[in-house]
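Those protein sequences? They're chains R and Z, same order as listed.
So the first sequence is numbered by the working numbering: it starts at 1 and just counts up by one.
So the second sequence is numbered by the working numbering: it starts at 1001 and just counts up by one.
FYI, nobody ran anything at the bench for these hints, they're computed from the structure.
Computed from a predicted model, the values in this text were never measured in an experiment.
Heads up, none of these hints are tricks.
As a list, the in silico BS3-like pairs of lysine-lysine whose alpha-carbon atoms are at most 25 angstroms apart:
hint, chain 1, residue 1, chain 2, residue 2
1, R, Lys-359, R, Lys-42
2, Z, Lys-1347, Z, Lys-1042
3, Z, Lys-1347, R, Lys-297
4, Z, Lys-1297, R, Lys-347
2 protein chains.
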Amino acid sequence: MTIDRREMLGAMTAVAAGAVAGVAGVAEGATTQPKKSGTRLKKIATEEACSVPEVAAALREVAHTTWTNLDMLLVNAIYNAPAGTRAPFLPELLDIDAGRLKVMDDNDVDMHLLSLTAPGVQMFDADTGTALATVANDALAEAVKKHPTRYSALATFAPQDPKRAVKEMERAINSLKMNGFIINSHTNNEYLDLPKFWPILEAAEALDAALYIHPRAPSDGMAAPFRDYRLETAAWGYGVEVATHAVRLMLSGTLDHFPKLKIVLGHMGEAVPFWLWRLDFMGRPGFGNNMRTNKLKPSEYFRQNFVITTSGVEDHLALRYSIDRIGVDSVLWAIDYPYQPTTPAVKFIESAPIPDADKQKVAHGNAERIFHINV
Amino acid sequence: MTIDRREMLGAMTAVAAGAVAGVAGVAEGATTQPKKSGTRLKKIATEEACSVPEVAAALREVAHTTWTNLDMLLVNAIYNAPAGTRAPFLPELLDIDAGRLKVMDDNDVDMHLLSLTAPGVQMFDADTGTALATVANDALAEAVKKHPTRYSALATFAPQDPKRAVKEMERAINSLKMNGFIINSHTNNEYLDLPKFWPILEAAEALDAALYIHPRAPSDGMAAPFRDYRLETAAWGYGVEVATHAVRLMLSGTLDHFPKLKIVLGHMGEAVPFWLWRLDFMGRPGFGNNMRTNKLKPSEYFRQNFVITTSGVEDHLALRYSIDRIGVDSVLWAIDYPYQPTTPAVKFIESAPIPDADKQKVAHGNAERIFHINV
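Model the full assembly from the supplied sequences, consistent with the hints where possible.
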């Protein structure tokens, strides 16, 4: 499938109009944080969602199918909103220029590390997903080129076809100079510990590019208890899905093959840091009736392969726990724009009761190191 | 179904013999913690597993069926061990007398709050489950009567028949003077937020008896990603299962009807405390597209209805986080005998870097209050 960008953009007139009209309605506090005299905290936000018209249009097509996958609730709400209504979040997602920069300016945010929002290109057939990944990566790279001090970006790829995914990953880093990768947890209910996906892990490691495992709703095989009370959302299911993904990577021993791979978990590590003691005890090497082959303890994989971001968990106690548990060099600040309001996320890091040197690392230094940001 | 205790005990000769023979092989460190001169920390352990021969025999029958439920791995390993081998944990589980007391003495543990180990009576048909709950409760009450300063006990019941469950709950508290209840998460893949189970919640609240939601493996509808790498175990699946159960109770609004119900979550609250900020933001009242009816924020339910125990999470950072997040009056010490060794669990609480008054609460005071222990 070839994507004709002009044709697609034409088809997206309604969505784009909504995007422009919607900017004024952004539910963002516009109050700039008071700055301490003489000090200013540089802030790079590392899980900042966006979309591009081509992907939004394709997701609207997905919304018209009869899938029972739990992500369909979100896909329907955002990409198939009734005509004449404001699609929740879509205007903000599609704006990777002035509207977004204004929110950042108003809140004293230096940079968004942009990423194509969930479910990315993972709900499409392999050809469509592969083609749309290219389109999305080009668009994000273009935004970075236009505003190099304000945006950096993670590249997307279609795990549905690992071989072509690897080619796009190489293009994204080598040609587009993007800053890492993002994947939205499972792909057609399969996880990255399956050997067919290992070329993707190998490529990320070889390219020295971190792989952000972003949430999507729980996979079909674990969906049932999440079908009530909107449990599939960021309120609960997202975290269970990604944390389970991370634990599969650890207890399968997959990470023994990729010791230099860096994986990023949002939402304060999806609570995996809080589980590390129990994971170590019950998941120690050799314990698991030969159904596990992990050579390291989970906490050792965590130290070797993972960093976390604070997106959506503005809890100073959780921040302190995480820093003490996995080390201050492994914790990165994030907003989760536009799903979380910017002002409280900024206040969270500005007011964090941690030493200033640690705050500098969390707010920007670690992001610069992990994502190779040099501006 | 009527259980003839003498007949059943006869049939269990092999298991019982294994139990006696096995005590010497207990993998417990026997070193008593050095006591500080002049001080001694009273210790009531609140998630201490046991079994009775009748339930063990019935689970051996279950092991011979073709269920695909994830608990079958544990049921098979423990209750259907090959002849001539030592069934893991079974001897320790069946000993609610001298062997257990010796481990407690050797480690300076005052009391075990006994409970019938997972999956309890929840894998049986309603008649068998109901009958076995009575047998188990009688046996545990007998152990408490024999050693009233060393044992207290939680009562079991069969949620498969909520009406008869309530009768047994009333008998357990009013006649047997037991200290609360235990349930092993889902029953036939259903959770306590379903109105058919509400009489159980109503009874626990009316009897002023706390309900411990103990893990079992994830329910069938969420089992798929846990079928690899023994992920269904205490290493991961147990926590996901119980935490999801707790979140269902909160986001369904079920707890609005039972404001005085006390629910106990083991394993440092199954990490739910660490999720409270995000649960509050994404699960706040009115947010959830009318598919949720909760009147309170999750953290408000947590404060109102939940306490946690430290079983299986001997992490001082997690202890500190939990005390700071939910309050020291809501954190109780537990070992998780025999699945966790006693010596490190004792060392964990003895050496916890918290004020002595807090340590007294966690080690015994909160247990005395929540479970009405007065010895």
